[in-house]
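Number of protein chains: 2
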Amino acid sequence: MTIAPDLLPCFEDIAAAAEALAGKAILTPLLESPLLNDRLGFRLLLKPEMLQRTGSFKFRGAYNRICRIPEADRRRGVVAFSSGNHAQGVAAAARAFGIPATIVMPGDAPAIKIRNTRSWGAEVVLYDRHTENRDLVADRIVAQTGATLVRPYDDRFVMAGQGTIGIELLDQTAAIGATLDAVVVPCGGGGMTAGIATALAQRAPNVALWAAEPEAFDDTRRSLAAGERLGNAPGARSICDSLLSPMPGELTFAINRQRLAGAVPVSDAEALEAMAACFEYFKLIAEPGGAVALAAVLTGRVRPEGAVAVVCSGGNVDPAMFGRALGTT
Amino acid sequence: MTIAPDLLPCFEDIAAAAEALAGKAILTPLLESPLLNDRLGFRLLLKPEMLQRTGSFKFRGAYNRICRIPEADRRRGVVAFSSGNHAQGVAAAARAFGIPATIVMPGDAPAIKIRNTRSWGAEVVLYDRHTENRDLVADRIVAQTGATLVRPYDDRFVMAGQGTIGIELLDQTAAIGATLDAVVVPCGGGGMTAGIATALAQRAPNVALWAAEPEAFDDTRRSLAAGERLGNAPGARSICDSLLSPMPGELTFAINRQRLAGAVPVSDAEALEAMAACFEYFKLIAEPGGAVALAAVLTGRVRPEGAVAVVCSGGNVDPAMFGRALGTT
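Those sequence lines, one after another, are chains S and D. Under numbering that gives the first Met the number 0, think of the first position of the first sequence as 0, with each following residue one higher. Under numbering that gives the first Met the number 0, think of the first position of the second sequence as 0, with each following residue one higher.
In short, the hints are calculated from the structure, not lab data. Every residue gets a Cβ at the ideal spot worked out from N, C-alpha and C, and that includes glycine. Careful: at least some of the hints might be erroneous.
Stated by the list, open to error - Here are some of the chain D residues that sit facing chain S, going by a computed Cβ distance under 7 Å:
#1 Ser-237
#2 Phe-278
#3 Ala-319
#4 Leu-325
Construct all of the structure, not just a fragment, from the sequences and the given hints.
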């Protein structure tokens, strides 16, 4: 199947997104722990997106997408379906524009996530995931209000927004004089991966890009091997709640299949160990899905010659799960 | 008692320290949580020094102090006594200069702190705190090796190094267009407080500076009231292990008594609650002593009209204590 090129982000889209996000998103620092470097034998550079607005990178893509809605449409608001980081990212980005946001969430989503999304001023519409189709619920809201749907990853400007992470980390790596061999990113639907892939393709084509994913949700790894999009087993489970997409996105996979050096599976136990390493070496809260790229390096599955940059994509985790990572629960 | 003015830092010392630390220390970001701001009714800007090298601000002062040692003396190394953040700060700063560091620690210090200090390449000399005097132990090492003693706070260039936090947060506050009313800092011996006080005196004399301290170690509050340095009760206890100095420093208090708007006591329970808020709103690990300035604001004891900047001074806490803050231990 051919994909029209104007559905995919180009480098100029990412550069434009970086301009749009300047002063709106947090320019997260690039961190390094000499003690962890000693242990590993190479430089590990951490991009801490848990410090981003709403505690994950999702604000970048959501804000950039809303930027691109024509003004007359924009004030009718936005709709998204998500029970997690995308919900908060869209809600906070809509708030920054002063426009209404409706977030469609399953009625059995954790109360804390519903409450957080409402805290950003969004209206939350609950649906029954056993009897209702969330796409139809969202379509109905779009039809009624004229709001624009903000997809979590299969969207040119959402991918471009996430791709700003790639530009930032290349600039920050250059500023400290590190020679980057590889970048490792947590991968669910693949939007951040595709955005960063597009940035690297232009600016650092020799740097290898690796995706890290939960071992029970290794759809990207299997899809790369098969050369086509494959889904995950219906009953699959993982504590990495931010990475549980059913299969790679159509648009994201069109980019990722060309650019990825590979995809690396991470077990739940390894994700928890990476969260503990994040606590010890970086003093940062990582959520399980946010920590899988770090886990891919700590387990030795990605092993660079020079320096490796690792994106830690979010920190929205409840105390009990965090206590599990620290061994105190 | 008069103090010779050349023992105290001036603004130029801090500006010089900022230059010396550029590219060596982490330029920690200034973070903000719109959700926490909504709850408080004003802007709270957080300076996260747990992201600084070695997990606390102490690297700044130690590095700047070593900069100022004449080169011929510097290669004979440095000595410090500390069982905590100052130990790691001095060890890491010495490593950055490629010079030897000897850290004098009590034999009953937590094994993890001894191990961490050694990880930075320092030699650790243990002493018996019941039968030996640590000053004499350090003096002996100085006499034997010609190394320079790096004091934890009562030193012009240590204070100047910590004062770089003040310059950074004023620049960062201006960049986001916030109107700063007050700055609140954790206070033990008072070195960071005095450094930031000196920066504010020059650059923002109308911004109020508040010290926050453990309620059982409220020596600064009582000393300000008495107009002279008073010590803490010998049997006093607090979980804020990084703030347990016996009394204000001689040099630090000479500055702080002139510049502080006041000192605010924080209970251990309030420090733990501030650690939990740091987890929830900022995705950051704060240690108990690092969280007391945030606690002073969350409890309403410091209540600004405009924005308030809060320094979170460190994140070196063990998992069990952190679990206590989250209610999972």
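(message) When the structure is checked against the list of hints, which entries are broken? Sort them ascending.
(response) Violated hint (a single one): 1; every other hint is consistent with the structure.
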